[in-house]
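Chemist: Take a look at the letters that make up each chain.
Number of protein chains: 2
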Amino acid sequence: MCHHCIIENVKSGMLSRRDFFRGTAAASMAAIAVSTAPTPLFAQAAAPRKAEDLTHEIWETFPTYFGGQQLFIEQKFSHAKDTFNLNEWRISEHTGTHIDAPLHFTADGKSVAELPVEDLVAPLVVIDIRAKSAENPDSQLTPEDIKAWTDANGDLPEGAVVAMLSGWGAHVATDKFRNVGDDGKSLHFPGFHVDAVKLLLEGSTKAIAVDTLSLDFGASPDFIVHNTWLPAGRYGIEAVANLDKLPANGATIVVGAPKIKNATGGPARVFAFI
Amino acid sequence: MCHHCIIENVKSGMLSRRDFFRGTAAASMAAIAVSTAPTPLFAQAAAPRKAEDLTHEIWETFPTYFGGQQLFIEQKFSHAKDTFNLNEWRISEHTGTHIDAPLHFTADGKSVAELPVEDLVAPLVVIDIRAKSAENPDSQLTPEDIKAWTDANGDLPEGAVVAMLSGWGAHVATDKFRNVGDDGKSLHFPGFHVDAVKLLLEGSTKAIAVDTLSLDFGASPDFIVHNTWLPAGRYGIEAVANLDKLPANGATIVVGAPKIKNATGGPARVFAFI
Chain R
1 MCHHCIIENV
11 KSGMLSRRDF
21 FRGTAAASMA
31 AIAVSTAPTP
41 LFAQAAAPRK
51 AEDLTHEIWE
61 TFPTYFGGQQ
71 LFIEQKFSHA
81 KDTFNLNEWR
91 ISEHTGTHID
101 APLHFTADGK
111 SVAELPVEDL
121 VAPLVVIDIR
131 AKSAENPDSQ
141 LTPEDIKAWT
151 DANGDLPEGA
161 VVAMLSGWGA
171 HVATDKFRNV
181 GDDGKSLHFP
191 GFHVDAVKLL
201 LEGSTKAIAV
211 DTLSLDFGAS
221 PDFIVHNTWL
231 PAGRYGIEAV
241 ANLDKLPANG
251 ATIVVGAPKI
261 KNATGGPARV
271 FAFI
Chain E
1 MCHHCIIENV
11 KSGMLSRRDF
21 FRGTAAASMA
31 AIAVSTAPTP
41 LFAQAAAPRK
51 AEDLTHEIWE
61 TFPTYFGGQQ
71 LFIEQKFSHA
81 KDTFNLNEWR
91 ISEHTGTHID
101 APLHFTADGK
111 SVAELPVEDL
121 VAPLVVIDIR
131 AKSAENPDSQ
141 LTPEDIKAWT
151 DANGDLPEGA
161 VVAMLSGWGA
171 HVATDKFRNV
181 GDDGKSLHFP
191 GFHVDAVKLL
201 LEGSTKAIAV
211 DTLSLDFGAS
221 PDFIVHNTWL
231 PAGRYGIEAV
241 ANLDKLPANG
251 ATIVVGAPKI
261 KNATGGPARV
271 FAFI
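Protein chains in written order, with the working numbering: chain R, 1 to 274; chain E, 1 to 274.
Just so you know, the hints here were simulated from the structure itself, not pulled from any lab data. Misleading hints may appear alongside valid ones.
Copies of the same chain look alike in the list, so a pair counts if it works inside one copy or between any two.
Each computed DSSO-like pair below joins lysine-lysine, with the alpha-carbon atoms no more than 30 Å apart [stated by the list, open to error]: (1) K185 - K50; (2) K261 - K76; (3) K176 - K261; (4) K185 - K81.
All chains should be modelled from the sequences, with the hints used to inform the complete structure.
Modeler: Written out as structure tokens, the structure reads:
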């Protein structure tokens, strides 16, 4: 079955969505090798030579989804007085470049600390929707965008983290990161479309990542992506930085998720290795 | 110069300590190749196949150096009431498996957020002092222990993180992790000796790591290791887990240090790749 047919059949439900990740049918199997070996930890065969930091620095008024300040730093010891510096933070779990664990949108799903280490290291897929996002901040990453990626790069790797590159990372220090509408309330930035997320749920994708403040697009009225993805036991990464410095395929992401008991999320140090 | 001579000369100051890291003299140069190529990011040539989590889970009463509770979790939104869970943390920067940045013991050294990414990925050297630590909790990792490691494994890798494996990680959930003395105040757990740290300062070691609550041994009256190592612009990692699962040489450490502005430290997610 040709790639051009697949997306139509996926939309009409005629094709098993799992086929989308498995090299589809015989014709494309010839071109796209599907490994039956155990999933390797890294996307590369040789050790990576370069690291990219996918983490924004968090300052006290780092932009937040809800709009209020979510980090407060209090100095408890000072070098001048005590011979050492030490601060205490008061911080929401969902601040800066951070994780959304299944527990964030479930009664009893996995906390961040319960995510297996193997889920924090993965091949990184970068899907570039900058062109349409620049035209329309309410853009969403759709099944067609995934199709465009597989057309160019072959099947999605097993156990990948799939990241949306909307270009919003460049706005992190400006009002455009939240992009409040004329009504003074609504937010306008890109996110995953629920149909893309449903498609990814049929495969082995471990996490979705965005360079915005939410897995859902800003104008979403119902957190439908959060409510579809997280209860399935997968996790998310929000406000990822520097996705524009990465190849569409071939990098490995390492997610330094904080290991705090019962955390629904948490500021993470995220790297890509190339 | 033979390896047996080196340690004596290091102690007597007759030998440049830098030689200790550079293959020393001609005789040992033949046996120990010194690369002039740029330092690779990973210790391995091939991509790693396995990840170890070097991070303890942090619970609210995780043992602390000062003894008091350093993590307080407050639920702000609940799934039952709000359709999602979200907590706020109040946490000291120096809690759980965490970083000590140069700023911790300097007026204006580098914060955690200012550590270059290249310093957060390094060959990991594990120096095993479990035997003497089991006999004496006030043991310190000395130049002789480094010498024993180089005798067995060759020169310290360029830009390594050098970790002390004292066996103390096994005690994290018990009173023995702090091991308060009969005086009710003094702490008794192993740490680096200042002479070992001075030796490492002559080389390119990026960080030192311990499986205890402090870079200094618990009974230290003066934080001499902190005050020697951190002002030199190097950093530390405390309360590292699972060092006993690693080879003495050949693993790569990835330090997911939190990127919070002006942080003197911070809970980190730390991995070793094998």
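Chemist: Give a verdict on every hint.
Modeler: Hint-by-hint comparison with the structure:
| no. | hint | in the structure |
| --- | --- | --- |
| 1 | K185 - K50 | neither (41 Å within a copy, 46 Å between copies) |
| 2 | K261 - K76 | both (24 Å within a copy, 16 Å between copies) |
| 3 | K176 - K261 | between (34 Å within a copy, 22 Å between copies) |
| 4 | K185 - K81 | between (45 Å within a copy, 22 Å between copies) |
Comparing the model with each earlier hint shows a violation of hint 1 alone; every other hint is respected.
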